[in-house]
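Protein sequences appear in the order of chains A and B.
Under the working numbering, the first residue of the first sequence is numbered 1, with each subsequent residue one higher.
Under the working numbering, the first residue of the second sequence is numbered 1, with each subsequent residue one higher.
Since the hints were derived computationally from the structure, they do not count as laboratory data.
It should be emphasised that the depicted structure is a prediction, and the values quoted were computed from it without experimental measurement.
Don't be surprised by glycine CBs; every beta carbon is placed ideally from N, CA and C.
Be a bit skeptical, because a hint or two may be false.
[As the list claims (entries may be wrong)] Dumping the calculated EDC-like pairs for lysine to aspartate or glutamate here, alpha-carbon to alpha-carbon at most 20 Å:
id : chain 1 : residue 1 : chain 2 : residue 2
1  : B       : Lys261    : A       : Asp40
2  : B       : Lys261    : A       : Asp42
3  : A       : Lys4      : B       : Glu70
4  : B       : Lys182    : A       : Asp39
5  : B       : Lys23     : B       : Asp84
6  : A       : Lys232    : B       : Glu223
7  : B       : Lys261    : A       : Glu414
8  : B       : Lys2      : A       : Asp234
9  : B       : Lys142    : A       : Glu197
10 : A       : Lys4      : B       : Asp145
11 : A       : Lys4      : B       : Asp84
12 : A       : Lys21     : B       : Glu65
13 : A       : Lys4      : B       : Asp140
14 : A       : Lys304    : A       : Glu414
15 : B       : Lys196    : B       : Glu70
16 : B       : Lys260    : A       : Asp39
17 : A       : Lys7      : B       : Asp84
18 : B       : Lys2      : A       : Glu414
19 : B       : Lys260    : A       : Asp42
[What the hints assert, rightly or not] Here are the simulated distance ranges between beta carbons:
id : chain 1 : residue 1 : chain 2 : residue 2 : range
20 : A       : Glu169    : B       : Lys182    : 48 to 56 Å
21 : A       : Gly102    : B       : Glu223    : 39 to 47 Å
22 : A       : Glu139    : B       : Glu21     : 52 to 60 Å
23 : A       : Asp9      : B       : Asn7      : 49 to 57 Å
24 : B       : Asp20     : A       : Glu139    : 47 to 55 Å
25 : A       : Phe126    : B       : Asp134    : 46 to 54 Å
26 : A       : Lys333    : B       : Phe3      : 47 to 55 Å
27 : A       : Thr238    : B       : Lys2      : 18 to 26 Å
28 : B       : Gly50     : A       : Ala369    : 42 to 50 Å
29 : A       : Phe8      : B       : Asp134    : 26 to 34 Å
30 : B       : Lys203    : A       : Lys334    : 36 to 44 Å
31 : B       : Lys196    : A       : Gln27     : 49 to 57 Å
32 : B       : Lys182    : A       : Lys334    : 27 to 35 Å
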Amino acid sequence: MDPKTYKFDTLSLHAGYMPSKNAGSRQVPIYQTTSYMFDDVDHAAALFNLERGGHIYSRISNPTVQVLEERVAALEGGTAALATASGMSAIFLTIMTLCNAGDHVVVSSQLYGGTVNLFRLTLPKFGINATFVKPRDTEGFKNAIQENTKCIYGELVGNPGNELMNLPEISKMAHDAGIPVVIDSTYQTPYLFKPLENGADFVVHSLTKWMAGHGSSMAGILVEGGKFDFLKTDKFPTMTEPYEGYHGLSFAEEFGPVAFTMKARAEGMRDMGPCLSPQNAWNVLQGIETLSVRMEKHCSNALKMVEYLSNHESVAWVSHASLKDNPDYELAKKLLPKGTGSMIAFGIKGGKEAGAAFIDNVKLASHLANVGDTRTLVIHPASATHSQMDEATLKLANMSHDMIRLSVGIEDIEDIINDFEDGFRAAKKPKLVANK
Amino acid sequence: MKFKVNNKEVFASTGGRPFDEKKPLIVFIHGSGLSHITWVLQTRYFAFHGYSVLAIDLPGHGYSEGPAIESIEEQGKWIADVIDSVKIKEASLVGHSQGCLIALECASQFPDKIKSIGLMGGAGAIPMNPELLDLAEKGDPKAVDLMMDWAHGPAGHFGGHPVPGLHHINLGGSIVINGSVKNALGVDFRACDNYKNGFEAAKKIKCPAINILGDRDRMCPIEEGKKLADNIENSEVAIIENCGHMILLEEAGQSLELLKKFIRKNHPAE
Chain A
1 MDPKTYKFDT LSLHAGYMPS KNAGSRQVPI YQTTSYMFDD VDHAAALFNL
51 ERGGHIYSRI SNPTVQVLEE RVAALEGGTA ALATASGMSA IFLTIMTLCN
101 AGDHVVVSSQ LYGGTVNLFR LTLPKFGINA TFVKPRDTEG FKNAIQENTK
151 CIYGELVGNP GNELMNLPEI SKMAHDAGIP VVIDSTYQTP YLFKPLENGA
201 DFVVHSLTKW MAGHGSSMAG ILVEGGKFDF LKTDKFPTMT EPYEGYHGLS
251 FAEEFGPVAF TMKARAEGMR DMGPCLSPQN AWNVLQGIET LSVRMEKHCS
301 NALKMVEYLS NHESVAWVSH ASLKDNPDYE LAKKLLPKGT GSMIAFGIKG
351 GKEAGAAFID NVKLASHLAN VGDTRTLVIH PASATHSQMD EATLKLANMS
401 HDMIRLSVGI EDIEDIINDF EDGFRAAKKP KLVANK
Chain B
1 MKFKVNNKEV FASTGGRPFD EKKPLIVFIH GSGLSHITWV LQTRYFAFHG
51 YSVLAIDLPG HGYSEGPAIE SIEEQGKWIA DVIDSVKIKE ASLVGHSQGC
101 LIALECASQF PDKIKSIGLM GGAGAIPMNP ELLDLAEKGD PKAVDLMMDW
151 AHGPAGHFGG HPVPGLHHIN LGGSIVINGS VKNALGVDFR ACDNYKNGFE
201 AAKKIKCPAI NILGDRDRMC PIEEGKKLAD NIENSEVAII ENCGHMILLE
251 EAGQSLELLK KFIRKNHPAE
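Same shape as in the complex, but just chain A (with noise of 0.2 Å):
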């Protein structure tokens, strides 16, 4: 006797939606409006208070949207998802939600170029300090945590180095101190790897990526857990403790495994307003609806590109968790059974020079700042995704000035290797291109 609740790729087309709430429309509808209709003045304040669930200003829900929330949410095994306008949006609500002025997190180091700086430059103006911590250095998470720590913050594979955080470890760890884990899990999507099922408490998405997959909408997701008591450490008073801004609600009694997201969306959709458009959750949806597809193909180009860029002359060094002399290829088998992602660190012999010339000269691989799409994309990241780190925090994110971030799409793996060799070529003489 099994339960026949519905699995993931069905669950990818079908989540949070039914087409008989909705005319019988077969496709989401793109509900796009400001504001919804009150049945009478009882009505208005029974949402306003709380009291009842429904819409009531696109900035803090939309139906739309809400179909994306809950798809989320049921792929990645949550009891609730908040969609944001962007990834950084999703992160900046969630630490704003969990920390007040005076609070600390301990940060893995190595993470896209913009939270970095979030964590380094912007969260410290509000008050929030962060400690980064190398994200294959364990115990260092644990030695990290102060008495005024909220938090720990990283990502499963880091960008751009890709090396991993052991998430089972160090969520007990974080779990002993009484704080939660939260996972930026865009690099790997829930058809990789499930963030909750592996100790962490919310899981946060930049959907832009591959979740959306066609480079055509930002977009970003906070996914709860719904396993962390706030009740059980006294860490968190502004979600046990009566919020005057709800008449002495405490969300922690009153909501519950989703009390994260109702404070989150409550208060902060409110004071902050990240939402996002109905259009863009919708060209979110579409890509969704192919997550398996994609990302097996994602998965299998990139197998095929580290095994090419291995054996290539100009390649110094590849980084990529299925190596097995890479030093997280046993980790990466537990914990990344069905692939361990699209994205490829590579160095180039020649180092920067030679990283230049080899980005100007491919034609295919598209260089710009994202990841995720379907179609190859290269950068520089020293020049430009974390090109705002001094030397210090490069370092510490072990990022060199030769490594290429290589996303690898899913066209066709001959063509990719095609355009590379172009790029190689050209980046042996780095000196005649950059004079051309």
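Place chain B on chain A using the hints.
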């Protein structure tokens, strides 16, 4: 709020308002393995509209001290003890699933204390599937997955939670998993399976009752719900379309409207 019942600590949500013994009391009783969280889309409304609300965590559930009580008859008596412990003479009861059986027992054993009973997914008996019962008693989380599958109608399986962003099945499952599958859900399922007094209890109930049923309920089918209502002298039945057993969440708005009308008529607040 936390208070003592029979010298043991009990947690109950008061719906976001301080408990006020001068206001009419509604006690909300959750279903098997669940907690007060399931009632959040009903309790806050009543708490802000003239009532005192106690959405209790049964012993051994949520934040209430254990162990779980092993029989429906004893659970019914315990609800009366809750009402006594907050020094209120009479209350309305609202139950879901197993909570309906408990409400029936309480109302039949203590008719003077109970003003009205609102049932959601109520049946006179809840015999358990033997395999499901066995899994729950062994503490196997598969019991929770099966329960969530059967308990939810189309909205639970596809989506469309009344509160934007919430996921029916994962939320329901996490409430049970965050408790104890063996010591809460297992004990509850056994108590339901053992309970044979539902129809006899129903015949003794004189206060008004409403049984709100989902037409897609596979755990307490509407025929069973109607049969129960037929045994209560002063009862009515309301059926919600395309709704499974988790009526209080799947169709929170409709069930709240029905409950508002029923309680305001039979147990009015000033």
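Problem set entry | Structure-inconsistent hints, enumerated in ascending order | Violated hints: 3, 4, 6, 7, 11, 12, 17, 18, 20, 21, 28 and 30; rest satisfied.
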